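K.L.:
Chain residues, written in single-letter form:
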Amino acid sequence: MSTPGLFGRRLAPGRWRGPVAFAAVALLLLAVAPATLSPFRLELLSKYLCFAIAALGIGLAWGKGGMLTLGQGVFFGLGGYAMAMHLKLAEAGPGELPDFMVWSGVDELPLLWEPFRQPWFAILMVVLLPGTVAALLGLLVFGRRVRGAYFAILTQALAAAFVIWLVGQQGLTGGTNGLTNFTSFFGLDLASDADRRVLYFAVAVVLGLLYLGFRQLVASRYGKLLIAVRDGEDRVRFLGYDPAVVKTIAFTLSAISAGIAGALFVPVVGIISPALLGVVPSLELVFAVAVGGRYALAGAVLGAVLLNYAKTTFSEHYADGWLYLQGALFIAVMAFAPKGVIGLAGQLRDFVATRWPRTSSVPGHPAASGTPAAPTPGAPPSTSAEKEVTV
Amino acid sequence: MNAFMNQLPIGLSIGAVLLLIALGLTFTFGQMGVINMAHGEFIMAGAYTAYMLQDWAGRQAVLVALPVAFVVAGLMGLILERTLIRRFYGRPLDTLLLTWGVSLVLQQVARDLFGAPNVQVKAPTWLVGGGAWLGIRMPYARMFILALAVLCVVAIWIYLARTKQGRRMQAVMQNRDLAACSGIATSRVDQRTFFIGSGLAGVAGVALTLIGPVGPALGTYYIVDAFLVVVAGGLGRLQGAVIAAFFLGLLNSYVEYWSDASLAKVVVFAVIIGFLQLRPQGLFVLRSRKLT
Numbered sequence: 001m002s003t004p005g006l007f008g009r010r011l012a013p014g015r016w017r018g019p020v021a022f023a024a025v026a027l028l029l030l031a032v033a034p035a036t037l038s039p040f041r042l043e044l045l046s047k048y049l050c051f052a053i054a055a056l057g058i059g060l061a062w063g064k065g066g067m068l069t070l071g072q073g074v075f076f077g078l079g080g081y082a083m084a085m086h087l088k089l090a091e092a093g094p095g096e097l098p099d100f101m102v103w104s105g106v107d108e109l110p111l112l113w114e115p116f117r118q119p120w121f122a123i124l125m126v127v128l129l130p131g132t133v134a135a136l137l138g139l140l141v142f143g144r145r146v147r148g149a150y151f152a153i154l155t156q157a158l159a160a161a162f163v164i165w166l167v168g169q170q171g172l173t174g175g176t177n178g179l180t181n182f183t184s185f186f187g188l189d190l191a192s193d194a195d196r197r198v199l200y201f202a203v204a205v206v207l208g209l210l211y212l213g214f215r216q217l218v219a220s221r222y223g224k225l226l227i228a229v230r231d232g233e234d235r236v237r238f239l240g241y242d243p244a245v246v247k248t249i250a251f252t253l254s255a256i257s258a259g260i261a262g263a264l265f266v267p268v269v270g271i272i273s274p275a276l277l278g279v280v281p282s283l284e285l286v287f288a289v290a291v292g293g294r295y296a297l298a299g300a301v302l303g304a305v306l307l308n309y310a311k312t313t314f315s316e317h318y319a320d321g322w323l324y325l326q327g328a329l330f331i332a333v334m335a336f337a338p339k340g341v342i343g344l345a346g347q348l349r350d351f352v353a354t355r356w357p358r359t360s361s362v363p364g365h366p367a368a369s370g371t372p373a374a375p376t377p378g379a380p381p382s383t384s385a386e387k388e389v390t391v
Numbered sequence: 001m002n003a004f005m006n007q008l009p010i011g012l013s014i015g016a017v018l019l020l021i022a023l024g025l026t027f028t029f030g031q032m033g034v035i036n037m038a039h040g041e042f043i044m045a046g047a048y049t050a051y052m053l054q055d056w057a058g059r060q061a062v063l064v065a066l067p068v069a070f071v072v073a074g075l076m077g078l079i080l081e082r083t084l085i086r087r088f089y090g091r092p093l094d095t096l097l098l099t100w101g102v103s104l105v106l107q108q109v110a111r112d113l114f115g116a117p118n119v120q121v122k123a124p125t126w127l128v129g130g131g132a133w134l135g136i137r138m139p140y141a142r143m144f145i146l147a148l149a150v151l152c153v154v155a156i157w158i159y160l161a162r163t164k165q166g167r168r169m170q171a172v173m174q175n176r177d178l179a180a181c182s183g184i185a186t187s188r189v190d191q192r193t194f195f196i197g198s199g200l201a202g203v204a205g206v207a208l209t210l211i212g213p214v215g216p217a218l219g220t221y222y223i224v225d226a227f228l229v230v231v232a233g234g235l236g237r238l239q240g241a242v243i244a245a246f247f248l249g250l251l252n253s254y255v256e257y258w259s260d261a262s263l264a265k266v267v268v269f270a271v272i273i274g275f276l277q278l279r280p281q282g283l284f285v286l287r288s289r290k291l292t
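Quick mapping for you: the protein sequence lines, in order, are chains A and B. Under our numbering, think of the first position of the first sequence as 1, with each following residue one higher. Under our numbering, think of the first position of the second sequence as 1, with each following residue one higher.
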């Protein structure tokens with residue numbers, strides 16, 4: 001993140017700004033929010049934070065690596081189902097069948113479910129399942145230099161296929177209804193407010209750790225390579241690196257973070273179903289990252305929380321209006337603020353700087369009193385700096 | 001054996017619909033690098049056009065709707081191109097997200113105008129039922145869709161190969177800068193491409209009313225498959241789109257027949273990934289000296 005502060009040079013060295021902002025957000029999430037929010041609101045916030053974990057992965061793959069992945073719902077679902085299967089079995093007790101299987105006429109536990117009785121196996125699978133699928137897909141697709149829009153279309157097709165498959169396997173996955181009715185999560189009673197608060201802290205801490213980890217990764221040599229691949233894949237190849245490997249690593253990490261998000265989503269919200277994983281929910285995650293600001297990891301987190309908050313608030317009042325608003329917001333963000341909320345400040349400064357250069361500012365000039373309008377649709381000056389190189 | 005053969009017209013007609021949808025996508029994608037997610041809503045617009053015309057044309061609505069839907073959907077595409085997409089040339093991934101926003105809005109408009117429940121368009125009496133040929137059941141509606149697609153492909157082929165405008169379109173697709181230098185008004189060509197491509201989606205929508213109900217989310221069922229056709233067929237190639245569309249249509253219907261519907265999409269996806277290992281750029285490649 002090399003965006004200078006709002007006031008340009010004066011804060012430019014600001015090495016302290018990042019840690020201070022992080023500490024402020026951490027304080028807000030870990031102390032202020034639990035103290036002031038009602039249990040209901042806190043639960044909603046933990047749901048948003050789950051989405052933020054998934055968005056973090058998209059920020060890495062799309063923002064830093066230039067891979068538009070429209071199938072994060074698949075990985076979210078793999079993690080979520082792995083966790084949900086364990087919770088279902090833990091609840092049913094040894095030797096018993098989960099309730100939905102009894103209803104759909106299954107009288108023997110499917111072989112696939114058996115190992116999920118072990119908690120360690122389930123947790124391992126939360127990471128391994130999405131990671132393996134993504135790594136395999138990445139090596140196959142990136143290895144043959146399929147990229148840009150092709151890759152986006154393929155991931156979207158994967159999401160569509162995954163959901164249709166899930167719905168079809170009624171006895172195995174609960175079909176359209178998904179898996180629901182969980183009572184406990186590793187000893188936490190999901191009906192008690194105090195225990196749910198602990199769950200909230202767990203989600204917030206996981207988000208913070210992942211954020212720090214991904215930041216470290218982006219700052220490392222590998223991160224530089226990843227950004228280089230985004231901006232000029234062929235040049236990186238000519239330098240002797242293999243872009244396929246670089247991209248596969250980022251894609252796999254993004255899938256793993258989506259899987260973790262799904263696994264935490266299950267106890268927080270209490271359900272995992274195909275409706276939460278398809279093409280549209282996957283696109284909504286990407287949309288959140290675009291709104292927050294795709295080029296900064298913090299933007300992904302901010303976007304996921306803001307957007308889901310807006311969605312809850314608006315859907316409570318006008319359910320239909322939300323779709324219009326969401327569509328309009330999306331068009332506006334893509335057209336006028338490709339760098340999202342985080343990039344708005346810099347974009348505004350660039351706009352002012354090009355429109356009214358400081359040297360030629362004359363006292364009494366109309367510009368001095370005029371408020372800077374929204375950036376022009378044409379080509380905001382700031383977009384050219386980090387333009388994606390694709391297809 | 002008979003059941004196996006009976007699946008043939010179903011697979012072919014699905015392939016035909018996919019082809020009509022994918023033609024528009026492959027040309028706008030190939031020529032302008034635009035991934036238009038709102039394309040699915042042009043299908044929906046075409047289908048609702050047929051529904052609206054029912055009041056006036058009765059059971060012949062489908063026939064009347066074909067040219068009308070072409071114009072309606074085409075104009076919608078033109079407006080989209082003029083107002084929004086024009087600003088996004090060279091940013092394909094951003095157009096994908098932008099047009100998804102448009103598609104959300106259009107779906108909600110349809111829901112407000114026509115209601116969320118599905119509606120039905122009555123097929124003309126001469127398309128109801130079916131005949132048998134060599135013991136294969138041939139539903140007339142499916143045969144009609146197939147004929148319609150063949151007609152459209154032939155028309156597009158003549159347009160591309162024989163008319164001045166079509167040749168300009170091919171020139172822009174092969175090398176935009178050189179075409180512009182040679183005096184072709186590329187922006188006008190872009191508008192025409194968008195109009196024709198979107199119009200074809202409208203025609204596909206009318207065809208879909210013959211095999212199922214019409215709802216606001218009609219387009220979303222087909223758009224993902226249509227994109228796969230584009231990926232497998234190669235950008236901007238007529239032959240590629242034809243072969244890929246019919247292959248995917250048949251594969252889909254036969255896997256559904258042999259196993260179950262939920263597995264079909266997974267198999268199709270796996271086949272496409274496998275195919276891309278052999279031909280990463282699709283069946284037919286537009287030769288150019290570009291690196292990508």
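Be aware that a few hints might be false.
[Said to hold, decoys possible] What follows is a list of derived Cβ distance ranges for each label pair:
{"hint": "1", "chain 1": "B", "residue 1": "119", "chain 2": "A", "residue 2": "110", "range": "47 to 53 Å"}
{"hint": "2", "chain 1": "A", "residue 1": "110", "chain 2": "B", "residue 2": "60", "range": "49 to 55 Å"}
{"hint": "3", "chain 1": "B", "residue 1": "274", "chain 2": "A", "residue 2": "37", "range": "47 to 53 Å"}
By construction, these hints were calculated from the structure, which means they are not laboratory data. Computed from a predicted structure; not experimentally measured. From the three backbone atoms N, C-alpha and C, an ideal C-beta is built for every residue, glycine too.
K.L.:
CB of residue 119(B) to CB of residue 110(A), is that within 47 to 53 Å?
P.N.:
40 Å, violated
K.L.:
Does the beta carbon distance between residue 110(A) and residue 60(B) stay inside 49 to 55 Å, or does it fall outside?
P.N.:
Distance hint for residue 110(A), residue 60(B) holds at roughly 53 Å.
K.L.:
Determine whether the Cβ-Cβ distance between residue 274(B) and residue 37(A) falls within the hinted range of 47 to 53 Å.
P.N.:
50 Å, holds
Hint check: a violation occurs at hint 1 only; the rest are consistent with the structure.
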